[in-house]
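Engineer: Chains as they are written, first to last, in my numbering: chain A, 1 to 257; chain B, 1 to 96.
No wet-lab data here; the hints were simulated from the structure.
Among the hints, erroneous ones may be present.
Here are the computed distance ranges between Cβ atoms for each label pair [said to hold, decoys possible]:
# : chain 1 : residue 1 : chain 2 : residue 2 : range
1 : B       : THR95     : A       : HIS36     : 48 to 54 Å
2 : A       : PRO220    : B       : HIS24     : 41 to 47 Å
3 : B       : LEU72     : A       : GLY35     : 49 to 55 Å
Note that CB positions come from ideal geometry on N, CA and C, so glycine has one too.
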Amino acid sequence: MSVDAGKVDADLVRYVLRLGDLSLILGQRLGEWVGHSPALEEDLGLANIALDMIGQARLLLSYAGEIEGRGRDEDQLAYLREQGAFFNAILAEQPNGDFGQTIVRQVLIDAFQLELYERMTASRDERLAAIAAKAVKEVRYHLRYSSGWLVRLGDGTDESHARVQSALDLLWPYTVELFAADEVDLRMAERGIGPPLANVYAGWSARIDAILSEATLRRPADRPHAWHGKRGQHSEHLGYVLAEMQYLQRTYPDARW
Amino acid sequence: MQDSRQWPLYEVFVRARGGLDHKHVGSLHAADARMAIEHARDLYTRRQEGVSIWVVPSQSIVASDPAEADSLFEPARDKIYRHPTFYEIPDEVKTL
Chain A
1 MSVDAGKVDA DLVRYVLRLG DLSLILGQRL GEWVGHSPAL EEDLGLANIA LDMIGQARLL
61 LSYAGEIEGR GRDEDQLAYL REQGAFFNAI LAEQPNGDFG QTIVRQVLID AFQLELYERM
121 TASRDERLAA IAAKAVKEVR YHLRYSSGWL VRLGDGTDES HARVQSALDL LWPYTVELFA
181 ADEVDLRMAE RGIGPPLANV YAGWSARIDA ILSEATLRRP ADRPHAWHGK RGQHSEHLGY
241 VLAEMQYLQR TYPDARW
Chain B
1 MQDSRQWPLY EVFVRARGGL DHKHVGSLHA ADARMAIEHA RDLYTRRQEG VSIWVVPSQS
61 IVASDPAEAD SLFEPARDKI YRHPTFYEIP DEVKTL
């Protein structure tokens, strides 16, 4: 393997890590529900989505490791990176809260991933196009599940409505980061590798409006965001997520089963 | 009247592959029909067990009374002539 740093496509590595980390951290968060869901059926439902997310993360992190060319595989990237080397938007690492808050976070990210991966199936990067083609089928189901729940809760009892509205108000500001294109996003769009985030946003926004309307929820106003998870600057929550996720590999290096 | 804290029960039927019948595989709780389909997908088809799902509210199923089993099913016991076992099957018939 050549170690010619000038040849490494750093933009692509960063871009793929962002996608992979979003799925990985959200999958880890959803996994926290196992054994704690309101019903056995939801336990399995959330675990299934978590496993889809981990599956996407495996494909993406493996690919990132290959492009990077430093010999790191999916496991090393997942279990041995420090917090500042994770590039997920920080919406994914926000705590589960109650079931309604988990559902709100899920709808916001599912709709983003759906709009993103639908477009990415036409990526000039064949590997990303193939990963997107697989992921889009999974994500379409995730949004069906999460939006169904949001409508039930939003258009449910006074208490369920109030709870998901306050979760929406709480999490909405974090959505801005998903669509804030930085130089990496812009170059990926120019090269035809990733879809322009403005297009993803337009699709996401229309989709979210339709779901919120059916759920009788009010769309909060956008606010400028001060978070840059996509650049490795995270909220205080990610450290706890990583501590649990990475504990085993760090305590028993190279442990396998 | 359903207990509002308890979701109604649904019976789940899964078609393993095209051409086969839907078979009863179990039951689950769900708040509505759409959720029942999603739960059935997550509970009963996660290992590729099927290509189609039916869900039916359990309360819509009318069942025979086990206490009446004697009068319902016993009378068929001694009527072996109802089984088509007295025919010679021609050698040419391969699949029967």
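Engineer: Next step is simple, just say for each hint if it's right about the structure.
Structural biologist: Here is what the structure says about each hint:
1. For THR95(B) paired with HIS36(A), a C-beta distance near 52 Å keeps the hint of 48 to 54 Å intact.
2. Taken as a hint, the range 41 to 47 Å holds for the pair PRO220(A) and HIS24(B), whose Cβ atoms sit roughly 46 Å apart.
3. Our hint of 49 to 55 Å for LEU72(B) and GLY35(A) is violated, since their Cβ atoms are close to 44 Å apart.
The earlier numbered hint that this structure contradicts is number 3, and it is the only one.
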